[in-house]
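Peer 1: The chain contents come next:
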Amino acid sequence: MIDIKKQFPIFNKEPNLVYLDSTATSLKPKIVIDKIREYYEEYSANVFRGIYPMSEKATEEFEETRNVVSRFINAGSPNEIVFTRNATESLNLLAYSLGRKIIESGDEIVTTIMEHHSNFVPWQVLSSEVGAIFKVIDINEEGYLNIYEKNDKIQMSNVKSITNNKFQNLKLENIITKKTKILALTYVSNVLGTINPVKEIIRLAKNINPKIFIIVDAAQAVPHLKIDVQDLGADFIVFSSHKMLGPTGVGVLWGKEDILKEMYPFMYGGDMINEVYIDRSTYKEPPHKFEAGTPAIGEIIALKEAINFLNEIGMKNIKEHEKKLTKMAIDRLVNTFGQAIQIYGPKNIEDRCGIISFNFGKFHPHDISQILADNGICVRAGHHCAMPLHTRLKVPATVRASFYLYNDEEDVEKLIEGLKKVEKILK
Amino acid sequence: MNIYQDIILDHYHHPHNQGSLDTPDKSIQVSNPLCGDKIKMTIIFEKGKVLKVKFSGEGCVISTASASMLTDYVKNRSKHELKKLDSKFIIKMLGIDLGMNRIKCAVLPLEALHKLLV
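Going down the list, the protein sequences come from chains A and B. Each residue of the first sequence is one higher than the one before, starting from 29 at the first, in this note's numbering. Each residue of the second sequence is one higher than the one before, starting from 644 at the first, in this note's numbering.
Next comes chain A alone, as it looks inside the complex (with noise of 0.2 angstroms):
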């Protein structure tokens, strides 16, 4: 992947740059930026609307981003693609159309400790108002799902009466029941790295209630996995462009028609209107059901060139770049600095994607990523959005360095020589 930097514009301005931060967003490559500039610059008008030819040259490329998308994750129809602004949005669209629909007094809701706030709060949410009871399922210290291990601590509830120690020798028979309405979980999680095997969890869920509905936000999956959505056996997913090489401003729900038929509306509006009458209005079927308003047009006509260019580079090529740089860093890490470096996530790289959050020392992590920044290296530092996790880790926060397509050994090398400047500024 020695040519792939020069893809990427951002580099010809910034040739030191250290970009260790793509698990926030990615960079972009040419193809993308030039896919933007050519709707603006060429056809850009409103789509689904002019019979004009620019409006139909717009809308035939909107739609066919539908079409790579779809194909990119093997979904069963393009019409099960729902464009939304980013995966925050895709979520709380499930959480108003799906779940305002479903739960009701009593239910329950399914998470995880290690979720994003956005997989999160919704649910969390969504449970007070109706009164459902909401289950987080907990992690083990190597940061693997608890849900395998028998003794342990498997989970949390917002309802007092279930308590930790009534749930001993656990499988995931405790967890999910017949009242589970819906498993939200994270297939990578943002902070660990971990992979979570989801199509083995969705599998057993499904067993144990065939009715469940299981969304996995794939937003740190879908850039760096490659996702089959027949074969994960979820109801929903959920993914983020502007993670994936794509412009921001553009996410994408995928669910079953079926179910995208049964939902609720999300918004109420422009484009997503069959007929409107003074005592009551029609609505056109999944997805546009769920794109109310202008969407963000260019982005989304810009997203199948991130997508291609993906897809030449091959998913499984990038997923062993990836490993064998995040397997490099740790080994790099440990060897330099010992027993100063905390890392957080599974030991076993198999099991974990280009994520490695840790803490150095006893430097504040806002330290650690001014002092990088400062020598033009990006990561960040904070909770990353995902507090309950941190809190359960027992640190108030982390610094992250992710790895993308783009970087290279040089990155990791000139990660740990700004470490090492944290270390003899701050001492």
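Among the clues, some could well be false.
Claimed, not checked - Cβ pair distances, simulated, as ranges: (1) Asn-202(A) x Ile-734(B): 49 to 59 angstroms; (2) Lys-758(B) x Met-82(A): 55 to 65 angstroms; (3) Glu-84(A) x Leu-677(B): 24 to 34 angstroms; (4) Asp-653(B) x Thr-205(A): 32 to 42 angstroms; (5) Gly-389(A) x Asp-665(B): 27 to 37 angstroms; (6) Lys-422(A) x His-757(B): 26 to 36 angstroms; (7) Ser-670(B) x Val-423(A): 45 to 55 angstroms; (8) Lys-422(A) x Asp-653(B): 23 to 33 angstroms; (9) Asn-237(A) x Asp-665(B): 52 to 62 angstroms; (10) Glu-132(A) x Lys-731(B): 25 to 35 angstroms; (11) Gly-662(B) x Asn-235(A): 31 to 41 angstroms; (12) His-757(B) x Ser-156(A): 30 to 40 angstroms; (13) Thr-53(A) x Ile-734(B): 24 to 34 angstroms.
Stated by the list, open to error - Over 12 angstroms on every C-beta distance to chain A, these chain B residues come out as not near it, computed from the model: (14) Asn-645; (15) Ile-646; (16) His-659; (17) Lys-669; (18) Ser-670; (19) Gln-672; (20) Cys-678; (21) Asp-680; (22) Leu-694; (23) Val-704; (24) Glu-724; (25) Arg-745; (26) His-757; (27) Lys-758.
If you're looking for bench data, these hints aren't it; they were derived computationally from the structure. Virtual Cβ for every residue (Gly too), placed ideally from N, Cα, C.
Given the structure of chain A, go ahead and fit chain B onto it with the hints provided.
Peer 2: Using the frame of chain A, we list chain B on its own:
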């Protein structure tokens, strides 16, 4: 400009007025949930002026240095005068160029002080 200058690092390594007063007139704890910084500040007034002040807690270099310098500054100054202090004062006091994201660290001790002055 590098924010980790000697004077800042000196306050970080050897903070002034660190600790807790035994019989304070008032005490307060403030936190920045984003980074987990916590500052506890205790204060004793005399005739409307600050007689003694101490702080403790966990913080980054910037928030610790800011607390150290601010607690030096406030002694023997009137409540009235101190109520007027704002983020511009803190930036000037630290003498470094802080980005938007780090200002919050620098003004956390000021937030504590303002709550003690109420």
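Peer 1: Indicate, hint by hint, whether the structure satisfies it.
Peer 2: Verification of the supplied hints:
1. Asn-202(A) x Ile-734(B): 49 to 59 angstroms: holds, 54 angstroms
2. Lys-758(B) x Met-82(A): 55 to 65 angstroms: Once the Cβ atoms are compared, 59 angstroms apart, the range 55 to 65 angstroms for Met-82(A) and Lys-758(B) holds.
3. Glu-84(A) x Leu-677(B): 24 to 34 angstroms: violated, 47 angstroms
4. Asp-653(B) x Thr-205(A): 32 to 42 angstroms: For Thr-205(A) against Asp-653(B), whose Cβ atoms are near 59 angstroms apart, the range 32 to 42 angstroms is violated.
5. Gly-389(A) x Asp-665(B): 27 to 37 angstroms: 32 angstroms Cβ-Cβ, so the 27 to 37 angstroms window holds.
6. Lys-422(A) x His-757(B): 26 to 36 angstroms: holds, 30 angstroms
7. Ser-670(B) x Val-423(A): 45 to 55 angstroms: violated, 26 angstroms
8. Lys-422(A) x Asp-653(B): 23 to 33 angstroms: This hint holds: roughly 30 angstroms between Cβ atoms.
9. Asn-237(A) x Asp-665(B): 52 to 62 angstroms: holds, 59 angstroms
10. Glu-132(A) x Lys-731(B): 25 to 35 angstroms: violated, 54 angstroms
11. Gly-662(B) x Asn-235(A): 31 to 41 angstroms: violated, 59 angstroms
12. His-757(B) x Ser-156(A): 30 to 40 angstroms: holds, 33 angstroms
13. Thr-53(A) x Ile-734(B): 24 to 34 angstroms: holds, 29 angstroms
14. Asn-645: Non-interface label on Asn-645(B) violated, nearest chain A Cβ at 6 angstroms vs cutoff 12 angstroms.
15. Ile-646: violated, 7 angstroms
16. His-659: Consistent with the label, His-659(B) stays out of reach of chain A, its closest Cβ about 19 angstroms off (over 12 angstroms).
17. Lys-669: At roughly 25 angstroms from the nearest Cβ of chain A, Lys-669(B) sits farther out than 12 angstroms, so the non-interface label holds.
18. Ser-670: Its Cβ never comes within 12 angstroms of chain A, the nearest being 21 angstroms, so this holds.
19. Gln-672: At roughly 14 angstroms from the nearest Cβ of chain A, Gln-672(B) sits farther out than 12 angstroms, so the non-interface label holds.
20. Cys-678: violated, 5 angstroms
21. Asp-680: violated, 8 angstroms
22. Leu-694: Its Cβ never comes within 12 angstroms of chain A, the nearest being 31 angstroms, so this holds.
23. Val-704: Given that some Cβ of chain A is not farther than 12 angstroms from that of Val-704(B), nearest at about 5 angstroms, it is violated.
24. Glu-724: holds, 31 angstroms
25. Arg-745: Incorrect as stated: the minimum Cβ-Cβ distance to chain A is 7 angstroms, not above 12 angstroms.
26. His-757: Holds, since 22 angstroms exceeds 12 angstroms.
27. Lys-758: The claim stands: Lys-758(B) keeps its Cβ more than 12 angstroms from every Cβ of chain A (closest is about 21 angstroms).
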